[in-house]
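Peer 1: Please build the complex by placing chains B, C, D, E and F on the supplied structure of chain A, with the hints as guidance.
Protein chains in written order, with UniProt numbering: chain A, 1 to 341; chain B, 1 to 341; chain C, 1 to 341; chain D, 1 to 341; chain E, 1 to 341; chain F, 1 to 341.
To be clear, the hints were calculated from the coordinates, so they are not data collected in a lab.
A hint or two may mislead.
Identical copies look the same in the list; a pair holds intra-copy or inter-copy alike.
[Unchecked claim] Derived DSS-like pairs: lysine-lysine, alpha-carbon spacing no greater than 30 Å straight-line:
#1 K169 / K2
#2 K155 / K296
#3 K332 / K148
#4 K155 / K128
#5 K2 / K170
#6 K170 / K332
#7 K176 / K2
#8 K259 / K66
#9 K222 / K148
#10 K222 / K128
#11 K66 / K170
#12 K259 / K2
#13 K175 / K128
Number of protein chains: 6
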Amino acid sequence: MKTVCFGEIMLRLSPPGFERFLQSPQFVATFGGGEANVAVSLATFGCESHYVTRLPANAIGDSAVKSLRAEGVRTEHIVRGGDRIGVYYAESSASQRASQVIYDRARSAIAEMTPGTVDWATVLSGAKWFHCTGITPALGDNGAACAKEALEAAKAAGATVSMDLNFRKKLWTEKKAQSVMRPLMASVDVVIANEEDIQSVLGFEVHGTDVTTGALNLAAYKATAAEVARTFDCALIAITLRESHSASDNGWSAVIYDKATGEFQRSQHYDVRLVDRIGGGDSFAGGLIYGLVSGKSPIDALRFAVAASALKQTIPGDFNRVTVDEVERLVKGDGSGRVQR
Amino acid sequence: MKTVCFGEIMLRLSPPGFERFLQSPQFVATFGGGEANVAVSLATFGCESHYVTRLPANAIGDSAVKSLRAEGVRTEHIVRGGDRIGVYYAESSASQRASQVIYDRARSAIAEMTPGTVDWATVLSGAKWFHCTGITPALGDNGAACAKEALEAAKAAGATVSMDLNFRKKLWTEKKAQSVMRPLMASVDVVIANEEDIQSVLGFEVHGTDVTTGALNLAAYKATAAEVARTFDCALIAITLRESHSASDNGWSAVIYDKATGEFQRSQHYDVRLVDRIGGGDSFAGGLIYGLVSGKSPIDALRFAVAASALKQTIPGDFNRVTVDEVERLVKGDGSGRVQR
Amino acid sequence: MKTVCFGEIMLRLSPPGFERFLQSPQFVATFGGGEANVAVSLATFGCESHYVTRLPANAIGDSAVKSLRAEGVRTEHIVRGGDRIGVYYAESSASQRASQVIYDRARSAIAEMTPGTVDWATVLSGAKWFHCTGITPALGDNGAACAKEALEAAKAAGATVSMDLNFRKKLWTEKKAQSVMRPLMASVDVVIANEEDIQSVLGFEVHGTDVTTGALNLAAYKATAAEVARTFDCALIAITLRESHSASDNGWSAVIYDKATGEFQRSQHYDVRLVDRIGGGDSFAGGLIYGLVSGKSPIDALRFAVAASALKQTIPGDFNRVTVDEVERLVKGDGSGRVQR
Amino acid sequence: MKTVCFGEIMLRLSPPGFERFLQSPQFVATFGGGEANVAVSLATFGCESHYVTRLPANAIGDSAVKSLRAEGVRTEHIVRGGDRIGVYYAESSASQRASQVIYDRARSAIAEMTPGTVDWATVLSGAKWFHCTGITPALGDNGAACAKEALEAAKAAGATVSMDLNFRKKLWTEKKAQSVMRPLMASVDVVIANEEDIQSVLGFEVHGTDVTTGALNLAAYKATAAEVARTFDCALIAITLRESHSASDNGWSAVIYDKATGEFQRSQHYDVRLVDRIGGGDSFAGGLIYGLVSGKSPIDALRFAVAASALKQTIPGDFNRVTVDEVERLVKGDGSGRVQR
Amino acid sequence: MKTVCFGEIMLRLSPPGFERFLQSPQFVATFGGGEANVAVSLATFGCESHYVTRLPANAIGDSAVKSLRAEGVRTEHIVRGGDRIGVYYAESSASQRASQVIYDRARSAIAEMTPGTVDWATVLSGAKWFHCTGITPALGDNGAACAKEALEAAKAAGATVSMDLNFRKKLWTEKKAQSVMRPLMASVDVVIANEEDIQSVLGFEVHGTDVTTGALNLAAYKATAAEVARTFDCALIAITLRESHSASDNGWSAVIYDKATGEFQRSQHYDVRLVDRIGGGDSFAGGLIYGLVSGKSPIDALRFAVAASALKQTIPGDFNRVTVDEVERLVKGDGSGRVQR
Amino acid sequence: MKTVCFGEIMLRLSPPGFERFLQSPQFVATFGGGEANVAVSLATFGCESHYVTRLPANAIGDSAVKSLRAEGVRTEHIVRGGDRIGVYYAESSASQRASQVIYDRARSAIAEMTPGTVDWATVLSGAKWFHCTGITPALGDNGAACAKEALEAAKAAGATVSMDLNFRKKLWTEKKAQSVMRPLMASVDVVIANEEDIQSVLGFEVHGTDVTTGALNLAAYKATAAEVARTFDCALIAITLRESHSASDNGWSAVIYDKATGEFQRSQHYDVRLVDRIGGGDSFAGGLIYGLVSGKSPIDALRFAVAASALKQTIPGDFNRVTVDEVERLVKGDGSGRVQR
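Just chain A, same shape as in the assembly (with noise of 0.2 Å):
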């Protein structure tokens, strides 16, 4: 099954263990970002999944490519160019200490890509799915005019289309936000989002829940899944929904609007002892579309994705190296972490 992903690749930058940034003079050096992040893992689930990005014709551009080619992500239709590749420094957080991360990323490759770079009715030929995510609008001017330009051609190639909202503060406002991606949101088939970003990004609140402590009102994300649903005409909403208990402690499940059946359902629940959280929202939806393209219900893909992406955030780094068989013992109900032997 061909998949397509289309966004930013960036090195992370992290310091050792629990350090604060340069308490040594070490950064461990890898590669992620949310739509990358995604591609992986589909790839690592089996789909024959293309990751089309921008990236510098240098040697740390290279080694975005090789990291992304070593997980059996396709990777023929990055476009190589452009001055620099985009850059985050990350620390880990534990207990009360929350995780930093600072953006080197305006004026990447790929933040100064315009329309009619890459050849889209090529790379959609035959996909089955696209996805990207509110990540690559929040690049700016031409990455809204990219993400437009991607998701009209991936309507018309005829693949399923999914967004991940992915509001970050640190790109845009929720003003502006908003009125970039409403427009998008014809285009969108499924809608992936935390409990902040239907918010934020589209402008529907849900009431009575606070997300800081992660308390819940299922009753109104059903409410508002289902408003979001009939107003863009999508087809599934999943959200997450983090317990932050702690940067050390989270629980973690999600639930699932189906606009067919006006079903609303919640998933299998994780206390989660986190060793990376980073990246654990993508490995969420990559659970979730491989569910989906491989044939799942959506309580199952959904139940899958859950799985799926509390695994992710016990391994360090953005992409989630797991098994489909490892994802489907825990979806079966062994989390008991014994010994394999």
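Peer 2: Positioned in the frame of chain A, the structure of chains B, C, D, E and F alone reads:
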């Protein structure tokens, strides 16, 4: 007090921290193995602890010897020969993600050793205790024959004989295990097992217990232990009880059945935040043997063993690097982890 | 605001991760010490923070100076001389396993310093605050004499004087501590202590409290605090309350007694997943002094101090590397550890 | 240009820096192997480079595939199966101390592969070049049979066939090597060898040369090369000439004999300060094949190959991570190593 | 003695050891930059060394400040603002393989600084020396304008002004460099350059010298230096002479022309086994300025500078971490590298 | 063959690679010391090598014991007690930059040991050889008295006694050294020294030699050696000859004078590319003693010793980790460093 352990020692290759295999091009490289870990515990606790194994006559075999010698284990009876040392690859686990172990131990030097290689009369002269595990017979016909030879020699030499059942489903089936192990029990005085082993290796069912979740039925354990003791005429049956809440958090305790008195006692219980659970059972065996050989009562030896093995699971690597003092302090109740300064 | 701290700074040698000493041939090598850690907190929070100590005139002494200077501490009053820097070896702890600290600090440059070495009038000119701890007098007769000289000079210079009692049973006995420390209290305005210190160093018993488990009797604390304040005519008595559930999980809060008003108040409470608890008390002192010197009320300073020190315990190394903003955010209640992006 | 290489890929375990095995409990863990290294060179230089091997269906086998895929090697024809990946332990050398290599490659997945496993007609369809080495037949009867099958299929498919003789005295004797390899030469167009190989593998003596010191007798090389070309009807014979002054410093050059013209030419010469000489010969083969397949004359291909392999020996790991541009720059004479900025 | 340096400081990301970029997912992360490196040398040698730059107000900017402060550089005139710190990626080189440097420094905080930002009168008050390099004007129009402002202010404040020409072909063309730099020379007293810079930046040709191999024509250097001194009325012209035998071995010396006396002198010469040549030229400048500002004659300052910079090239990172004593010992002729114990 | 060495063993703290102290917050932590290094060589070469020292009864002392035990040294006569282990900080050197060593060894456990502590009669029973060095007497009056006691006991026990003069100018003056060491020579059979030691420790001048450059006057060496042998009635005088071209490259050879025959012979000569020269002299002593105790002639023992110590200097850490086979291969002339595979 002279003790003798017999079995394999392998090279253990683990990725750093919580990484999956080869996320970074690096392995933490240590040595370990069910019986070797016990020998290290006994040396660390002050016994004259001898280890018998077979290792290739190359630099990696030398390093395995050094790793034991450093910890004070007597290595003069280790036989050098064969083609290779067994290797096992082990990932750290976290939360819902299980530790993955890949064995590459076929045709190791010890697996190809044949009876008659070791001069057991010399090795066992003056020994108070002999220990081996169900892993050695699981290595194949050679291993089973060598284990039989060693057990009988130990019995003849007047040593107390302990056997950790240690079922490894990647090495043999339950059926095969039972056909090999049950006859060996004739030489065994002290049986050490976890919840699954008794059923897998000896074929006695423990009713009402769910191994994955750790729910316990103590009465059933007592009944089974008594049956094992009666069937094979063993003096003591010690069983570890692990509650696998997740790969990060386990409950940990043990029970012991004393055939002479018919008493069945349970140890103290710890909630362990796991650092490295591999070798946990071995450190229990090491603690129990040390307790018994140094004259403690069965329940006191059990309490020592449970504390020792709780501490082991907070230390990276197979070996238990704790002193008798540290274990005794925990037995007396100080599990607060306060800095000593 | 100019502040002055006086005491030792040592080389800290710790094994990587959760390893025990020299499992790997490697030490993480940082610097720290009770008073130096406070000086770093004060510089980080924006004070003109001076540190006074004595260090050998070699490259390791230079590195200690660099470690302070990097954090913005003013080092121009550090005296260079003597034979060696004190060293301490510290293991990380986990679960039931306590952190082990081995001191090799005898005959360090500061322990062999004699009164008259520092020109305290110059150092303290314009200083608003002077801080030292019970560790310096515990270094021996020289340390006690130098602490006395410094405390009296600070009092004379009009600085507010704080003293963290910081009992170290590896350095002296309770009896010796009391005989040295009680006379020094004449110069002290603000007493900082943990649960044990008041009894060990000053000889006042706190009834109904079990230090190991952290069970609390607040009324008893109030009574004792009031008695200390009355006896030594101290304005404020701040006491940290650590509930040592294990080496991985602690409860953390503090109380403060205000002699002027007779008020006894308790801070907010945190359940801390520990990364490195060494320096936790020092970061509390640093936060409290910063709060008071910057004009906060005692309870607000206490709340700032407790939040600052909760955060410190999630960071490796002795120093507290957090900004005023991060502390204030936690004081305001966001302990969710969500990624800021 | 499609190229196909066939052979083993092993896990390489090396101690950090100049340490001997397990001075530190750590291995640098990379992948390499005579033919795999050539495949990586060809992919890096821009060929459509396919690699054929057999790897176990476990996470270590997956990592080997990833290591190739990252470098752009096409891995779709890799067969998964068998019990284990071959391992080799390799120390860095320095000055008078030789690099020590310990093989643990017996019974690897590829060594147990049998003819008929690979659909060579499909694999070789459209291939311009096929490369294997004398290591594969040295793995045992299976290896020899599979190499024979592959060579004949390549010849039949119209690919140019190169063979790096690569004698490994730890795998077989000279006598055995000659009996297996001489018949295989019928399918070979281009022979690649070092000074020793021609004698050890093919049985032709080179007079007047001391392999250990690298003293050269070019006339003798020419005579031997001509004899090899004539005997086996090979078009080109390329021989690397290493002057082993010490483990830190080598002279490096090569010669090539062209049967068609009878010309015997020597390349430029480099004094190489070695970083990692393992894979040096493979990078020479990779460079030579790239040169020839991309249309260079024999001497120009040789010059490219010598420069490429000189650069390789300054890079850790088996793989040659240099671009065509970097090689061409060195060929043109800039070996000054000046910083490009 | 107060000195002021002005320019950029960047984050330097280098792979470990001799690896190429991202062979391992790790960067050694330090800070450096042409002028910052000089400021560090001057502080290390005991000057009151101030550094002026502009850095973003985030944790990475803070770390850059800490890196300077640790070495004793005065940082109170550093301006905080702008979006990002410049980054450069630098590989280690070896033998025939050149070090690769990738700049990602466009739109850094300093490159977007405009004249008027720094209160130069205050900064330069009492300064004996001002130093900048040709890199700052190469950053763009802002950089050129700020450099001009600073140079004129320094001249007006009575400081001796040095300029390291430091041509960077990745930042600008020779033509552009000359048009910007020649007018700036009016404020310069001491010119520092390598062999290429004089031609690239000032447009004066040195005849008979091959930069790549380092063959020298001293008479030509003297003629050119005299011409530069005459044209721009500069007191001293110092030129480093690097013989790039390979990336591992360089010859190193320098010459100085004194306009007042017309003397042209050459320093001692070192064969340097390179560890890290980046910052070599800066450490020469730092040594020369220290020598001159502390009253040495031009030739003695030159000899000090050449020794200091030879030592720098044996130390990883941009900064020169050597004491005046170590430099003087080498100047006196002890380059034997014997252990001092 | 039983051998006994007596002296200190210290914790060695070195920065990684070529870094200066604490550029990174990390130390490579190993153990070493003049006599301990010899004991390790002897154990590695197959002797029953005993080491006698005194170490504190803490975990760092335990680690020192483990480091010896791992290498096969017998540690049962090590006395535990005292306050601390000696520490030395050692940087790697390169090119013109000398290795810097900082001692923090005052008041170590061994330096505070007094005569009567060791039961020398038991320790030396059956010993063929006893070795100590001039470092132990240099530790102070205790050290000198203990060395005297040990030397006399060794002589009385019939062991051959060797003394490596090992002058350490950071521990004592030449005058003090001579006054202590000359009387001790009465018990010495074999003197081991480098070029400086004979003059510094024994007061005999070697004419016409420049220690720094290594220029040699062999006739003068012979004369001096003969005078030493005659004066103290020593059987053999062995002197290492190091040509310190730079910290990266040394020439290495040795001479031996045999009093019985009057022969003065020089060994083979190596140009060593240094990895870690610390312990080089000790590995020479270890090789020489092994050679003599295993029955080689003086010149053959010398040749073995020079080869062994050339190899040592290519290995990080104090200990010489080479086999007899590796040394013999180099003695026979293979210093080409070719890979063995």
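Peer 1: Sort out which numbered hints this structure fails and list those numbers smallest first.
Peer 2: 1, 3, 5, 7, 8 and 13
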